[in-house]
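Participant: The chain contents come next:
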Amino acid sequence: MVNNGTNTLQRALGKFALEVQASTKASRLASLRQEGCCRLLFPYPKDHILEAVTVNISGGIAAGDQIEGFLQCHPNAHLLVTSQAAERIYKARSTDKAATVNTECKIAENAILEWLPHSSIFFDGSKIQRKFAVDMADSSEFLFLESRIFGRQAFNESASHISFYDRLSIRRGNKLIMEDIIQLDTINRRLLSLKAVSQGRPVLSTLVWVSPLAEEKLAELRPLLPNDHNSEFAASAWNHMLVIRSLSSNGRENEKQWRRLLHFIRHNRSEPSTWRF
Amino acid sequence: MPSSSESLHLLRMFSWISPAFPTGSYAYSHGLEWSVDNGDITDVASLVIWVKALLYYGSLRSDMIFLRQAWAASSSQEIRQVAEFACASAASRERYEETVNQGEAFLKATDIWALFKKDPDMADIRWPLPVAQGILFRRNHMEQDLSTISGAYVAVSGIISAALRLIPLGQSDSLKAMKQLEHHIIRSAAKTRGKKLEDTGSGCFRSDLASMQHEIQQTRLFRT
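In order, the protein sequence lines correspond to chains A and B.
FYI, our numbering numbers position 157 of the first sequence as 386, with every residue one higher than the one before it.
FYI, our numbering numbers position 192 of the second sequence as 193, with every residue one higher than the one before it.
These aren't lab readings, by the way, just hints derived from the structure by calculation.
Backbone N, C-alpha and C define an ideal beta-carbon position, used for all residues, glycine too.
Heads up, some of the hints might be wrong.
Said to hold, decoys possible - If you want the footprint, here are the derived chain A segments under chain B, 3+ residues with CB under 8 Å:
(1) 395–409
(2) 420–434
(3) 461–470
Said to hold, decoys possible - No farther apart than 35 Å at their CA atoms in a straight line, the calculated lysine-lysine pairs in the DSBU-like style are these:
(4) 335(A) with 119(B)
(5) 254(A) with 320(A)
(6) 360(A) with 196(B)
(7) 404(A) with 180(B)
(8) 254(A) with 424(A)
(9) 320(A) with 119(B)
(10) 180(B) with 335(A)
(11) 196(B) with 180(B)
(12) 118(B) with 424(A)
(13) 320(A) with 335(A)
(14) 254(A) with 275(A)
(15) 485(A) with 360(A)
(16) 197(B) with 335(A)
(17) 244(A) with 180(B)
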């Protein structure tokens, strides 16, 4: 069938909901629901942590797709969520609605949630709105890393029109402590080339670590931040959060650099199982 | 001839947006000290391009939306919501301190006019500068668009005055920068009309990185 741009394309819908609880020996699955294009895989557990791997069986995100996730850690549980591979966000037509990805997390007392997916690759013409909301107890911990690649340099891709909205909201002890929103109606090469924006570097990462220990780790972490002609990393800590932001020219190099930093922040715990390459 | 009350409201605005108003604005560079040291900002042209990006895509755009939302807030609950959202949006520790230190100093200084009395249940709120400005400008009968460009003017003139000392720029060069930015302040402010809290957000990643890098800068004239 010829796609003339006016017909409605089949769009993927997906949902997952995962609850984790602590038992005497390890963190265990308390409940799991998965619908549509969303699947969760559970590799063999290590370090008493429950690891979940998100899989999008539709093979990527297209305009109009809707994905909803829900993660809940009961007291003392430790959940690590990663993804199977880099998520690809494909070109939309001008009349298409943005894809939406909404994730909600609840973290109870003394529980730990780590959200460490692979990078997301935004192809030219993609439109997406992602919201990630966390509601956590004062004694709990949350670690979040997202890397976004706006056109891959090695493949000679570059952005001419990406519509992008990415929001991380964190409530800790029922107080709003973080609203990290990245929003650009039109991401293109000219905009990215601005010195105040990214000076042409297409890979943008944000790490947020909320923990009673986060602020005191800053001094030790700072000497480990890489800064060379391909990447800029900077960190700050306030209000029980440690935040690291980076810009890089190369997605693969960027992942390597983050792996070293995560090793330090995560006290040498094993890497997510899908991160071995 | 404007009415005497209009003239009075205008006079108050002159005081409140003046660099001499005791908000301590001379101590903050919004991370510019790092960007100058780093060679990103070297002259009027690079300064103007940098500030334009902040106005259309970055922190100054978000601040204009916070100011509008605080201006429009009609209950202490709504004021709290805007203040908490603006606090949570800070890109770094220094950005957080820069905005709440100035905002709280601004509220304290404007107490003399007794136009805004905090409710007892507001005791735990931290006050980002655009939120404090939005509340006071409204109570001084400034309409929302003029309030918004007044707030943006304070931010832009603060950055230019920091650049004047850091690059350094001559007096007439810094005036040229202001002249070039005038219509961008107005245009970018117009674009924030009707925007909501969730429409804020930064696209000026290197400016946010600069505010973090400033924390470890060796020689510093500015607190941020």
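Participant: Tell me whether the statement that chain B covers the segment 420–434 of chain A is true, taking a Cβ distance below 8 Å and needing three residues at minimum.
Facilitator: Since 8 is at least three, the answer is holds.
Participant: Please work out if residue 254(A) and residue 320(A) have their alpha carbons no farther apart than 35 Å.
Facilitator: Answer violated: residue 254(A) to residue 320(A) is near 46 Å, above 35 Å.
Participant: Would you check chain B against the segment 395–409 of chain A, counting CB to CB pairs closer than 8 Å, and say if three or more residues qualify?
Facilitator: It holds: at least three residues are needed, and the segment 395–409 of chain A offers 9 whose Cβ sits within less than 8 Å of chain B.
Participant: Tell me if the straight-line CA distance from residue 180(B) to residue 335(A) falls inside 35 Å.
Facilitator: Violated, at roughly 50 Å.
Participant: Would the pair residue 404(A) and residue 180(B) pass a check requiring their Cα atoms to be no farther apart than 35 Å?
Facilitator: It is violated: about 42 Å lies between the C-alpha atoms, which goes past 35 Å.
Participant: Holds or violated: residue 254(A) with residue 424(A), Cα cutoff 35 Å?
Facilitator: Judged against 35 Å, a Cα distance of about 51 Å means the pair is violated.
Participant: Are residue 118(B) and residue 424(A) close enough, with their CA atoms no more than 35 Å apart?
Facilitator: Not satisfied, since the Cα-Cα distance of roughly 42 Å exceeds 35 Å.
Participant: Residue 196(B) and residue 180(B) were given as a pair; does the straight-line alpha-carbon distance stay at or below 35 Å?
Facilitator: Given pair residue 196(B), residue 180(B) holds - Cα atoms ~27 Å apart, limit 35 Å.
Participant: Regarding the pair residue 197(B) and residue 335(A), is the alpha-carbon distance no greater than 35 Å?
Facilitator: Answer holds: residue 197(B) to residue 335(A) is near 26 Å, not above 35 Å.
Participant: Does residue 180(B) sit within 35 Å of residue 244(A), going by the straight-line distance between their CA atoms?
Facilitator: 53 Å, violated
Participant: Under the criterion that the straight-line Cα-Cα distance not exceed 35 Å, is the pair residue 320(A), residue 335(A) satisfied?
Facilitator: 33 Å, holds
Participant: Holds or violated: residue 485(A) with residue 360(A), Cα cutoff 35 Å?
Facilitator: 26 Å, holds
Violation of the numbered hints given earlier is confined to hints 5, 7, 8, 9, 10, 12 and 17; the remaining hints are satisfied by the structure.
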